[in-house]
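All chains, full assembly: derive it from the sequences and hints.
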Amino acid sequence: MNPYILAILLFGLGLGTTITFASSHWLLAWMGLEMNTLAIIPLMAQHHHPRAVEATTKYFLTQATAAAMLLFASVTNAWLSGQWDIQQMTHPLPITIITLALALKIGLAPVHAWLPEVLQGLDLTVGLILSTWQKLAPFALILQINPTNSTILIILGLTSTLIGGWGGLNQTQLRKILAYSSIAHLGWMILVLQFSPSLTLLTLLTYFVMTFSTFLVFKLNKATTINTLATSWTKAPLLTSLTPLILLSLGGLPPLTGFMPKWLILQELAKQDLALTATVAALSALLSLYFYLRLSYAMTLTMSPNNLSGTTPWRLSSTQLTLPLAISTTMAICLLPLAPAATALLAP
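Numbering of the sequence shown is given in our numbering, commencing with residue 17 and proceeding in unit increments.
Worth double-checking, as some hints may not be accurate.
So the derived label-pair ranges between C-beta atoms look like this [unchecked claim]:
| hint | residue 1 | residue 2 | range |
| --- | --- | --- | --- |
| 1 | His64 | Gln283 | 48 to 58 Å |
| 2 | Leu221 | Gln283 | 12 to 22 Å |
| 3 | Ser40 | Glu70 | 31 to 41 Å |
| 4 | Leu292 | Thr359 | 20 to 30 Å |
| 5 | Thr241 | Pro356 | 35 to 45 Å |
| 6 | Gly98 | Glu70 | 38 to 48 Å |
| 7 | Ala355 | Tyr20 | 39 to 49 Å |
| 8 | Pro340 | Ala94 | 35 to 45 Å |
Bear in mind the hints are in silico, worked out from the structure with no lab data behind them. Predicted model only: the values in this text are computed from it and were never measured. For every residue, glycine included, the Cβ atom is placed at its ideal position computed from N, Cα and C.
If you want it as structure tokens, here you go:
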């Protein structure tokens, strides 16, 4: 892609998110979300591959539907209450519609079905943008409206953690596994949103660090299926020995970074007398842990398949920058000792 066009598109992505962040008026927030969607579409379709075009079309249709729902709900809110201010949402009907529209935008279950399909059609770099940056603007809006309907948030959160765990069990494609992992993590964030928005933000940040690291590892190995992971030990043995730690951090095992948000969320849910919800969420984390363990096993303990369908690829040295990977890997593995500092910052 032409570097000038790429720069304009990335600038559009940044500007769309920034506009949504800075807006207090629903029309401006909607405009930021639309800019975001329109800026990423050429990036998604840049390879002119039928699968990429299909993924782009699916993404465009779901995002357009969510944006239309958002606009409809904000107009309804203006009609009922006479104001367009994001933080002054009072009527339960527009709040519920907007919560569902934003859930569709970020891919929460049960409106998650587009996310694995779309991510599977993209290359790893655009997939990384879709899994991280594209979640920011809708999340900013969810945090601002502070949905009062607690039941709908808990249902969205629990179904997302369960479906994110179950859906990934049967997959062999890494991008689909990462999509289901994304759904499960978003479920954890939504569960605790109404009780501790700052904890949701902490979870979002740790998820970004771990996902960034995982995508960069797969990109360095040019891996898209579990089988191709098995050849990675010959390319980068040290990184291959560290990758299971990143994956187990995504699964939320102590003493890794990913344990911190899950631990704090379960503690917060127990404080709010939601012991059953906390139990279901903790058990659903075991489902996710299974497929992370499967990836770790495939990467470190299996030989590469030498049949015709799984021939060893050429081992060309990668041109990818290694500094972002080194920093994000270190953060994904070693941040748990900062948990006391995080809890002190989260305290109201």
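Hints and how they fare:
The supplied range of 48 to 58 Å is met by histidine 64 and glutamine 283, whose beta-carbon atoms lie about 49 Å from each other. Here the CB-CB span from leucine 221 to glutamine 283 is close to 18 Å, well matched to the stated 12 to 22 Å. Checked against the hint of 31 to 41 Å, the C-beta distance between serine 40 and glutamate 70 comes to roughly 37 Å, which is consistent with it. One distance hint, 20 to 30 Å for the beta-carbon pair leucine 292 and threonine 359, holds here, with the actual separation near 24 Å.
Under the hint 35 to 45 Å, the C-beta atoms of threonine 241 and proline 356, about 40 Å apart, fit the expected range. A C-beta distance of roughly 43 Å is found between glycine 98 and glutamate 70, which places it inside the suggested range of 38 to 48 Å. For the pair alanine 355 and tyrosine 20, the beta carbons lie near 44 Å from each other, so the given range of 39 to 49 Å is met. In this structure, proline 340 and alanine 94 meet the distance hint of 35 to 45 Å, their C-beta atoms being roughly 43 Å apart.
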